[in-house]
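The lines below spell out each chain.
Number of protein chains: 2
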Amino acid sequence: MTHKPTLAVVGATGAVGRVMLQILSQHADVWGEIRLLSSRRTAGTTLAVRGEQVTVVTLCEEALEGVDVALFDVPDEVAAQWAPVAVAKGAVVVDNSAAFRMAEGVPLVVPEVNPHAVRARQRGIVASPNCTTLSMIVALGALHAEFGLTELVVSSYQAASGAGQAGVDTLRAQLSLLAAEPDAGTAPGGVRRAVGDGLGPFPAPLALNVVPWVGSVRDGGWSSEELKIRNESRKILGLPDLRVTATCVRVPVISTHSASVHARFESEVSVERAHEILATAPGVVLFDDPGSGDFPTPADVVGTDPTWVGRVRRSLDDPQGLELFVCGDNLRKGSALNTVQIGELVASEPAAS
Amino acid sequence: MTHKPTLAVVGATGAVGRVMLQILSQHADVWGEIRLLSSRRTAGTTLAVRGEQVTVVTLCEEALEGVDVALFDVPDEVAAQWAPVAVAKGAVVVDNSAAFRMAEGVPLVVPEVNPHAVRARQRGIVASPNCTTLSMIVALGALHAEFGLTELVVSSYQAASGAGQAGVDTLRAQLSLLAAEPDAGTAPGGVRRAVGDGLGPFPAPLALNVVPWVGSVRDGGWSSEELKIRNESRKILGLPDLRVTATCVRVPVISTHSASVHARFESEVSVERAHEILATAPGVVLFDDPGSGDFPTPADVVGTDPTWVGRVRRSLDDPQGLELFVCGDNLRKGSALNTVQIGELVASEPAAS
Ligand SMILES: NC(=O)c1ccc[n+]([C@@H]2O[C@H](COP(=O)([O-])OP(=O)(O)OC[C@H]3O[C@@H](n4cnc5c(N)ncnc54)[C@H](OP(=O)(O)O)[C@@H]3O)[C@@H](O)[C@H]2O)c1
Ligand SMILES: NC(=O)c1ccc[n+]([C@@H]2O[C@H](COP(=O)([O-])OP(=O)(O)OC[C@H]3O[C@@H](n4cnc5c(N)ncnc54)[C@H](OP(=O)(O)O)[C@@H]3O)[C@@H](O)[C@H]2O)c1
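Chains as they are written, first to last, in numbering that gives the first Met the number 0: chain S, 0 to 352; chain E, 0 to 352.
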C-alpha cells in the first residue's frame with residue numbers, strides 16, 4: 000500500500016479492543032486514519048488512541064467505507080456477519096474470533112511462526128488464533144523448526160480476561176464477596192455459597208477455585224477450547240497429523256494464560272539446545288533458573304508482549320520429550336498484539352499492480 | 000491387637016494434624032487412649048478429639064511409652080529423628096512425611112490400591128504418599144487394574160494448604176492486601192508490589208497468580224515434588240518402569256489439589272468402560288457430565304473424603320490414551336485420611352502370636 004492505510008478497529012470497546020488501542024499507540028505509526036467501531040450500546044463514547052480522543056461509531060456499512068485494514072475483535076457471530084461486508088468494501092480483515100480460523104482459504108497466522116501465510120489469503124480474511132494456542136505456539140514453533148514436533152499434551156491455566164471484560168468483572172466481584180468470609184475455601188460448598196449466583200461467564204465459581212471447563216460441549220467429552228488448541232496448532236505449524244491432547248482449565252488470575260506443555264519430537268532433545276533456541280527465538284523470553292526463583296508466572300508476565308518460557312526439562316523416561324511451562328498475556332500476544340502484528344504485515348505489503 | 004490400641008498423633012497441632020482429629024472423631028472408634036503430641040511451642044494447648052478436650056504434650060521418649068500406633072504428621076527431619084524412637088518403644092509408625100517413603104522395607108500404602116503392602120513392613124514404619132500423588136492414585140489404580148498403565152503425564156493445580164498452615168495464612172493475607180488494589184492483576188508487577196515481602200512458604204505471589212514451582216531444586220530442572228509423583232506412583236502401583244512426567248503448579252485455592260492427567264495403557268480404552276470402572280471404584284466419585292455442569296472443582300470437593308474424577312476423554316489421536324481431571328482434598332485423602340486409614344489397617348491386624 001502506498002498511502003498510509005486507513006485502519007478500522009471493530010470492537011474497540013471490548014477487553015481485547017482496549018488493549019489494541021494501547022498497542023497501536025505504542026507501535027511505529029504505519030496507519031493513516033484510525034476508526035473505532037463497536038455496537039450501538041457504546042457508540043458515541045470516546046477512547047484514546049495515538050494520544051488523541053476518537054469517538055466510537057456503530058458498526059455499519061458506511062463506517063467501513065474506505066477502510067484498508069479492519070481488525071475485528073467482536074464475538075464470533077458478529078465477525079461471521081460483518082467480516083465479509085468489510086471485505087466487499089475493499090478491506091483486508093484480520094479476525095480475532097473463531098469464525099474463520101479453520102476455514103479453507105483463510106490463513107491462520109502467527110507472525111513469528113508462519114508470516115508468509117498472510118499472502119495466501121483467498122477470501123480477504125486472515126485469522127488470528129485462539130489466546131490459549133497463542134500463549135504457547137511461538138515457543139513451540141521455534142522448537143519444532145529444530146527438532147520436528149510429533150506430539151503435544153497441554154494443560155492450561157487460563158485467566159479470567161479470556162472470557163472478556165465480563166470475566167474480569169466476575170472474578171473481582173467474587174473476590175470481594177469472599178474477602179468477607181474467612182472460612183469459605185475450607186468449608187464444603189463455602190465458596191459456592193459466598194459467591195451465590197454471580198458466576199458470570201463461568202460454569203462454576205472461579206475465585207479460590209479452578210474450573211476445568213472452558214467453552215462449549217463437543218463430542219467425546221471435549222470442550223470447544225480443547226479442540227481449538229488441537230486444530231489451530233496443526234494449521235499454524237502445517238502439521239495436519241500432529242498428535243494433540245489438551246485439557247483447558249480456568250484459574251483465578253486476571254490476565255495471562257499459562258500452559259504446562261509436554262512435547263515430543265522426531266529427534267532427541269537436550270535442555271541445553273532447547274535453551275539456546277528459546278533464548279534467541281523472536282517473541283520469546285527464556286526465564287528458567289528455579290534455584291534463583293526464575294520461572295514465569297502470570298503476575299510477572301501480564302502487560303508484556305512476549306511468550307515467557309521456563310521449567311524446561313527433558314522427560315526422564317523419553318529422550319525425545321520436553322516439558323515446558325509457558326505464560327503469555329492473553330490480551331497482548333494472545334489476541335490484540337498478534338492481530339496488530341498481522342495488520343502491520345498487511346500494511347507493509349507492496350501495493351498490488 | 001486384642002486390647003483397644005493406644006494411638007499417638009504426632010504433629011496434632013498442624014494443618015494435617017487438626018484434620019486428623021476431626022476424622023478420628025468421625026470414624027468408628029477403634030482406639031483406646033489417643034495422645035496428642037507436638038513441639039514445645041504448642042504443648043499445653045488443648046484440642047478436641049472424640050468430643051473430649053485433650054491436652055497436647057511435647058514429643059519426647061516418655062510420651063511415646065506404651066503407644067501401639069503412632070501417626071506422624073510433622074516435618075521430614077522431625078519424622079526422620081523420632082519415628083525410629085517410636086518404633087524402638089514398640090509402636091508401629093504411620094508416617095505422612097517424605098522421610099521414609101522411598102526407603103527399602105517401608106511400604107508406601109494407599110488402602111484402596113495396595114492394602115496388603117502394610118504387612119510387608121520390615122522396619123515398623125509404613126509411609127503415606129505425598130498429597131499430590133494421593134489426589135490421583137486411587138482413580139489411576141482402578142484404571143490400571145483393568146487396562147494396564149504404561150505412562151502418565153501429570154500437571155497439577157495444588158492448593159495453598161499443601162504448604163501447611165503457613166500456606167493458608169499467606170494466601171489469605173495476600174488476598175486481603177489485593178482486595179484494596181483493584182488494578183493489581185492487570186498492571187505489570189502489580190501483584191508483586193501489592194503483596195510485598197509476604198510470600199510465606201511460596202517462591203512467588205500466589206493470590207491472582209499461579210506458581211509453577213513446588214518443593215526444592217533437583218537435577219535437570221526438576222522439583223522435588225515432581226520427582227515424588229514419579230517415584231511414589233511407581234512404588235504404590237508396583238511398576239518400577241512406569242513412564243511418568245509431572246509439572247507441579249501451585250494455584251490460589253485454600254485446600255484440595257487437582258491434576259490434569261494424560262494416562263496411556265497397554266490396551267485400548269473407552270470412555271464408557273472407564274466410566275464403569277470409576278463409578279464403582281472404592282474411594283472414587285465419578286462426576287462427569289460437563290453439559291450439565293458436572294465436573295469436579297476444589298470448591299465443591301473440599302472437606303470430602305473421595306477422589307473426584309471428571310473430564311474423562313479418550314485421546315483423539317491415541318486409542319490407548321485417556322485424559323482425566325481429578326480433585327482430592329489434600330488435607331483429607333491427600334494426607335490425614337490416608338494416614339488414619341493405614342492406622343486402622345494396622346489396628347485391625349490379628350495380634351502377633
Ligand atoms: N479475551 C481474550 O483473551 C481473547 C483472546 C483471543 C481472541 N478473543 C476474541 O476476540 C473477540 C473479542 O473478545 P473480548 O474478550 O474483547 O470480548 P468483549 O470484552 O466482550 O468485547 C466485545 C466487543 O465486541 C463488540 N460487539 C459486540 N457485539 C457487537 C455488534 N453486534 N456489533 C458491533 N460490535 C459488537 C463490543 O461492543 P460493545 O462494547 O458496544 O458491546 C465490544 O467492543 C472475541 O471473538 C473473542 O473470542 C478474545
Ligand atoms: N499439608 C498437606 O497437604 C500435606 C499432605 C501430605 C503430607 N504432608 C506432610 O505432613 C507433615 C505435616 O504437614 P502440615 O501441613 O500439617 O504442616 P504444619 O501445618 O506446618 O504442621 C507441622 C506439625 O509438626 C509439628 N512439629 C514441628 N516441629 C516439631 C518438632 N520438632 N517436634 C514435634 N512436633 C513438631 C508442629 O507442631 P507445632 O504446632 O508445635 O509447631 C505441627 O503440629 C509434613 O511432613 C508434610 O510434608 C502434608
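A few of these clues could be false.
With beta-carbon atoms standing in for the labels, derived distance ranges [said to hold, decoys possible]:
| # | chain 1 | residue 1 | chain 2 | residue 2 | range |
| --- | --- | --- | --- | --- | --- |
| 1 | S | Q164 | E | D240 | 32 to 40 Å |
| 2 | S | E271 | E | A172 | 38 to 46 Å |
| 3 | S | D316 | E | S175 | 26 to 34 Å |
| 4 | S | A165 | E | A179 | 41 to 49 Å |
| 5 | E | D182 | S | D288 | 28 to 36 Å |
| 6 | E | K3 | S | G290 | 21 to 29 Å |
| 7 | E | D182 | S | P318 | 25 to 33 Å |
| 8 | E | L198 | S | D218 | 40 to 48 Å |
| 9 | S | P349 | E | S266 | 29 to 37 Å |
| 10 | E | S175 | S | H274 | 33 to 41 Å |
| 11 | S | E275 | E | G290 | 23 to 31 Å |
| 12 | E | A79 | S | D317 | 28 to 36 Å |
Anything over 12 Å on all C-beta distances counts as not near chain S; from chain E, calculated [stated by the list, open to error]:
| # | residue |
| --- | --- |
| 13 | A116 |
| 14 | E150 |
| 15 | S160 |
| 16 | S175 |
| 17 | P187 |
| 18 | A206 |
| 19 | S347 |
Just so you know, these hints were derived from the structure itself, not from any lab. Owing to the predicted nature of the structure, the values given are computational and were not obtained by experimental measurement. Heads up, the beta-carbon is just placed ideally off N, CA and C, and yes, glycines get one too.
To see whether the hints hold, each was checked on the structure:
1. Q164/S <-> D240/E: 32 to 40 Å: violated (50 Å)
2. E271/S <-> A172/E: 38 to 46 Å: holds (40 Å)
3. D316/S <-> S175/E: 26 to 34 Å: Given a distance of about 43 Å, which is not inside 26 to 34 Å, the answer is violated.
4. A165/S <-> A179/E: 41 to 49 Å: The hinted range 41 to 49 Å is violated for A165/S and A179/E, with Cβ atoms some 23 Å apart.
5. D182/E <-> D288/S: 28 to 36 Å: holds (29 Å)
6. K3/E <-> G290/S: 21 to 29 Å: violated (50 Å)
7. D182/E <-> P318/S: 25 to 33 Å: At 46 Å between Cβs, range violated.
8. L198/E <-> D218/S: 40 to 48 Å: holds (44 Å)
9. P349/S <-> S266/E: 29 to 37 Å: violated (58 Å)
10. S175/E <-> H274/S: 33 to 41 Å: Given range 33 to 41 Å: holds, Cβ gap about 39 Å.
11. E275/S <-> G290/E: 23 to 31 Å: violated (46 Å)
12. A79/E <-> D317/S: 28 to 36 Å: Given a distance of about 33 Å, which is inside 28 to 36 Å, the answer is holds.
13. A116: Correct as stated: the minimum Cβ-Cβ distance to chain S is 24 Å, above 12 Å.
14. E150: violated (8 Å)
15. S160: violated (8 Å)
16. S175: Check fails; 6 Å does not lie beyond 12 Å.
17. P187: For P187/E, whose nearest Cβ neighbour in chain S is about 3 Å away, the distance does not exceed 12 Å, so it is violated.
18. A206: violated (8 Å)
19. S347: holds (29 Å)
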